[in-house]
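Each chain, letter by letter, is given below.
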Amino acid sequence: MTGPQTHTVLSVSGLTKDYPGVRAVDDVSFAIEGGTVHCLVGENGAGKSTLVKMLTGALDPTSGSMSVNGNEYTPNSPQDARKGGVATLFQELHVVDELTVLENLTLGMERSWFGFLVKSELEERAVKTLAAIEPSIDPSARVSRLSVAQKQIIEIARAASSGANIIIMDEPTAALSEREVERLFGVIRRLRENDVTVIYISHKLDEIFELGDNVTVLRDGKHIVTKPLADVDGRSELIEMMIGRTVFQSYSPRGTVGNKVVLKAQGLTTSLLKDVSFDIKEGEIVGFYGLVGAGKTEIARALYGADSFEGAVDFKGKPVGRTPTAAIASGIALVPEERRTQGLFTNLTIRENIPVMNLPRVSRGGVFKAADVQDAAHQYVEQLSIATSSIEKHTEKLSGGNQQKVVFAKCLFSNAELLLLDEPTRGVDVGAKSEIYDIIKDLADQGNAVAVFSSELEEILGICDRVFLMFDGHLQEEIPNGPDVDISHILNVVTGGQESVAQ
Amino acid sequence: MTSYSNQTSSAARFTSFLRNYYIYFVLVAVVVLLSTANLDQFALFERGNFLYKRNIINILRVSAPLLVMAGAFTLLMVSGYIDLSVGSAMSLSAVVYAMLAINGVPFIPAFALTVLVGVLLGAVNGFLVVRLNITPVIATLITLSLFKGVALLLVQDGVSAIKSGNFLKIPGWFNDYGRAKVLFDLPAAFWVAVAVTLALIVVQNRGKLGKYAAATGGNPTAAKLSGINTGRTVFLLYVIVGASAALAGIARSSFMSLGDPLSGDGMELTAILVVLLGGTAFSGGEGKVLRSFVGALIIMMLTVGMLTIVPAYYQTLVIGSALLAAAASNHLVSRKGKES
Amino acid sequence: MSSLTENIPQSLQREKMSDEGFITSLVVIVAVALFLLASLLVPNFFQWQNVVNLVTNNWAVISLGIFVSFLLVSGNFDLSVGGIVALSGVLSVWFAQSPDGANALSSGLGMPYPLAILCALIGALAIGAMNALFVVRLGIPSIIVTLGTMMVARGIAQVITQGSQRNTNLPDEFGFLGNLTMFGTSVKLPVVLMLLLFLVAVFVERKMVFGRITYWIGANPEAATLSGINRSWHITKLYLFSAAVAGMVGILLASEFKSGFSNRGTLMEFDALVIALLGGIAITGGFGSVIGMFFGAIILAVVTSAATGMVLSPDWQFILKAIAVFLAIVTQTWAVARRNR
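Protein chains in written order, with the working numbering: chain A, 48 to 550; chain B, 167 to 506; chain C, 37 to 377.
Here chain A stands alone, though its shape is the one from the complex (with noise of 0.2 Å):
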């Protein structure tokens, strides 16, 4: 600890960020104290990852300004930032497995001798900040044989020896142990003891209250409050400052669901998922929510046959194939999390897109029947009002929102009766956003069962009938939709409140 005086290290002020159609981050200004753990919360969407990339130099402020150290500060790049001396240790691991510890450790800052390697002061001093850290790491150990919680500590113990003050950590214990996050908690509480500044983002509120010293929250890229984590008066208080009203978007109880049990999934486990059970109805909408890597997107890959898992799934009495092939062939289409990536086929056309999941359909004796084609690309782009001058366009040249049209116009296509969409609004403007809303209630109108997997809240109150929540890879609790559900026992649930009560 620094003592009683506190020093500001790093503040933003009425920084604001503007994407075309949304404001992500709106003036928000605060000050982070020299020596401390910072906490950073908010609801997805809140502005939080926004901020961060602003911080780390990834994006460029709209209008407003950063200073650290009392000096401005304007990166250009994460290397830019870590010079200003601000380091971030980004969720996916930028270590080199091949590599030892050690020269991890001075990865790009070495010192060297007619191209020789020679030893550094730095060298010692990494030596020395991972001995402190973590002594039980062994520097010529290669990296590959770390877990991951270890080659994070690397990552660590490179940001604090190359003489960064302040760290950014942006969820740093999704992908590990419990174990693993004690021992990264021990870390971070040495770091501020030797005057680092952290600046800590987590979804999961414990670790918020178990690790922080001052808490900032977000709400709709609004500054809500910073204050001493001593100040707030428990989970309650912080998730209501988060939320900060206890209703969504009104749902109405829609009268379809029927009482037909269509998919049964019995003790689905992954190396993520533990023993999930659950069922969905005919003309259901079942929502799945929780944070990001509590196992929702494992759930769908499952279903799907996209990943191998034990357990069982019976879709209208029958088992369903382990194959996506298969999935598809019994009714069920899914709607991937990365749309860029895994969803679209983005150099080719809207017309050549539709109609890949159901090719019989439109084909006889593997000849396409090119009327067909055009007649169902017509009939997606008119009734998912997909805004595009011609079938004929690429679908990268498409925005996020049509993009994500054109994904459902492929599940639909191939007349399944079980969706399973994976975060279905993601990077979706919001007029888009409650056209596909509108979408799915008609298809589940008509009879279909819809899985949504989301962890946005509102989403998912928004819509659905019933909630699953998780957390850890658990299935928690399952929660009927409704005029009087209760936001702030969601919240406690999916962030390991139960959890800590069952403990």
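It is worth saying that the hints were derived from the structure and are not from the lab. For every residue, glycine included, the Cβ atom is placed at its ideal position computed from N, Cα and C. It cannot be assumed that every hint is accurate.
Quick list of in silico lysine to aspartate or glutamate cross-link-like pairs, EDC-like style, CA-CA up to 20 Å [what the hints assert, rightly or not]:
{"no.": "1", "chain 1": "A", "residue 1": "K321", "chain 2": "A", "residue 2": "D354"}
{"no.": "2", "chain 1": "A", "residue 1": "K100", "chain 2": "A", "residue 2": "D73"}
{"no.": "3", "chain 1": "A", "residue 1": "K480", "chain 2": "A", "residue 2": "D492"}
{"no.": "4", "chain 1": "A", "residue 1": "K328", "chain 2": "A", "residue 2": "D127"}
{"no.": "5", "chain 1": "C", "residue 1": "K294", "chain 2": "C", "residue 2": "D208"}
{"no.": "6", "chain 1": "B", "residue 1": "K374", "chain 2": "A", "residue 2": "D144"}
{"no.": "7", "chain 1": "C", "residue 1": "K224", "chain 2": "C", "residue 2": "E209"}
{"no.": "8", "chain 1": "A", "residue 1": "K328", "chain 2": "A", "residue 2": "D512"}
{"no.": "9", "chain 1": "A", "residue 1": "K269", "chain 2": "A", "residue 2": "E284"}
{"no.": "10", "chain 1": "B", "residue 1": "K374", "chain 2": "A", "residue 2": "E170"}
{"no.": "11", "chain 1": "A", "residue 1": "K444", "chain 2": "C", "residue 2": "D55"}
{"no.": "12", "chain 1": "A", "residue 1": "K363", "chain 2": "A", "residue 2": "E524"}
{"no.": "13", "chain 1": "B", "residue 1": "K329", "chain 2": "C", "residue 2": "D351"}
{"no.": "14", "chain 1": "A", "residue 1": "K100", "chain 2": "A", "residue 2": "D65"}
{"no.": "15", "chain 1": "A", "residue 1": "K269", "chain 2": "A", "residue 2": "D107"}
{"no.": "16", "chain 1": "C", "residue 1": "K243", "chain 2": "A", "residue 2": "D422"}
{"no.": "17", "chain 1": "B", "residue 1": "K390", "chain 2": "A", "residue 2": "E139"}
{"no.": "18", "chain 1": "A", "residue 1": "K365", "chain 2": "A", "residue 2": "E329"}
{"no.": "19", "chain 1": "A", "residue 1": "K444", "chain 2": "A", "residue 2": "E429"}
{"no.": "20", "chain 1": "B", "residue 1": "K374", "chain 2": "A", "residue 2": "D476"}
{"no.": "21", "chain 1": "B", "residue 1": "K390", "chain 2": "A", "residue 2": "E157"}
{"no.": "22", "chain 1": "C", "residue 1": "K243", "chain 2": "A", "residue 2": "D419"}
{"no.": "23", "chain 1": "A", "residue 1": "K328", "chain 2": "A", "residue 2": "D361"}
{"no.": "24", "chain 1": "A", "residue 1": "K328", "chain 2": "A", "residue 2": "E524"}
{"no.": "25", "chain 1": "A", "residue 1": "K307", "chain 2": "A", "residue 2": "D492"}
{"no.": "26", "chain 1": "C", "residue 1": "K243", "chain 2": "A", "residue 2": "E439"}
{"no.": "27", "chain 1": "A", "residue 1": "K100", "chain 2": "A", "residue 2": "D74"}
{"no.": "28", "chain 1": "B", "residue 1": "K374", "chain 2": "A", "residue 2": "E168"}
{"no.": "29", "chain 1": "B", "residue 1": "K390", "chain 2": "A", "residue 2": "D127"}
{"no.": "30", "chain 1": "A", "residue 1": "K307", "chain 2": "A", "residue 2": "E464"}
{"no.": "31", "chain 1": "A", "residue 1": "K416", "chain 2": "A", "residue 2": "E439"}
{"no.": "32", "chain 1": "B", "residue 1": "K374", "chain 2": "A", "residue 2": "E171"}
{"no.": "33", "chain 1": "B", "residue 1": "K219", "chain 2": "B", "residue 2": "D351"}
{"no.": "34", "chain 1": "B", "residue 1": "K390", "chain 2": "A", "residue 2": "D144"}
{"no.": "35", "chain 1": "A", "residue 1": "K166", "chain 2": "A", "residue 2": "D185"}
Output of the computed footprint for chain B on chain A, the stretches with three or more beta carbons under 8 Å from beta carbons of chain B [as the list claims (entries may be wrong)]:
{"no.": "36", "stretch": "141-149"}
{"no.": "37", "stretch": "161-168"}
{"no.": "38", "stretch": "421-431"}
Once you have looked at the hints, place chains B and C on chain A.
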């Protein structure tokens, strides 16, 4: 997603041991096989003993071109790139070297100029790949054709190679480099190959370039984020490969006493074979210069040894099969290593 | 990502030709322009017969280029085709030679010719199956696999011919297929087969499910799998078809020369790749057409024959190929980038 170091079982340790040392076991096995097999009815292995001095010297002499290239090629593949033009670069260098010599340029300037040509050829590859961003395979296929064409053009029509004719004669010193006994009855070409390999071992283990090559091949994003100029690293590696291809061309040309524009044909495949045999992963990041050197020795021993057992026309089949086998086993071992 | 551009009145946006159509037209225009240029530079170049020759002399490479192009569109190399040409040719000779020859190279297995062809084709398919096994099952980069199988195929041919060729003791009908002229003209059967194959390939590529699947896989392998396409099986089929066509070419060439020569087809794999690249097919996958490949072959043929006509040494062909491919790739990247700016 999550992996735990404490789960790296004895099986994983065994795989890693296998990866690091198997090449030496293969070397021993091949030597034992070739020394115990009764081959005295064949001309090349006198007195039926493989471990006979003249035989060893003979094998090491003809190995010089491959040995000198293996190290540089390894570093390039460690960085995740490939050069299919090394064979053509070698041919072109052989032709250039012979032309210089036949036109009266003394040994040292001819040698230096040829290496310089190799550097230029490597720079062309580096330019296409790094600057123009052309896929390495395609870029070096282009230069494979280009260098070969230039080599063929340099040789007069109607003649198959640069060699002594009516007016110009290949000077007497020309094949000293590849044949004259310098140390332990081995020629300079072999010792240059050893020196280059030693230098590259040091570069790989102690040099900035070696580390950057591994970082570029292992995790390019991390390398770039750490401020490493990966483009310059790759460019430099192409240049080194070009220079070593020139040394190989000189060695071959000197050994054969002529500048043959086809002398390097197929060398790119042998180089890939040797490097894969040495355990370098084609996904990059992983690989050792010394192991490729040993791999090259094994391949040369087998090639020469094979000539005493089966006719020469078996060679393509054997090399092709070895390439597939090396690629498959290398792949299986490195994947196992990664999974653990 | 902007939704603004979508809101421009649609009538104002004239639909542009697709990038692929644009590149293919560019290739055709370059082919024609080069032909006219060569006509100015080389005497007697501008003749109908010469145009015919440009196609007929290249039937083998164009045939090979068809599935090399398909595979390239799917994101895979096939450099084994030249080796397969040698292998199947040598096999067809060896199988058909009568067993009572004076020495090893003049005696074969004495199969009836149709059976010999069939077995030679099976040999070719075996190489294709090896490609598929290593690329699809083991996931080894196709460039290394097919370079290896190229050597294996040619190596087997060399072993069977003891490094030279087999051309004696063959039944009379052996030389029939490769030299059969069609429709009372001098056009031979292999050329007609190539043209048929080409037309079928264009149809398959443009109109058939099989062709589109190739593009889907090349454009986005992951999305293809998640859309229910069996990627492994499709790539396997492509390698088998490619090997079958290469086998057919080898058999026809062996028939034309009445010999099985172990060095036949040397560098044909590179030429097939070169014409595909000249035709605008991109190794990044999902882009290009066999029509482009066909005109890529014409470009290469015009350039090499014009070079011969201008009395350049035949050694120039390697340099010309290198320059042509280089220009093709740079132009394509530049043109597409400029259009999409």
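Worksheet entry | Numbers of the earlier hints that this structure fails to satisfy, in rising order | 4, 12, 20, 38
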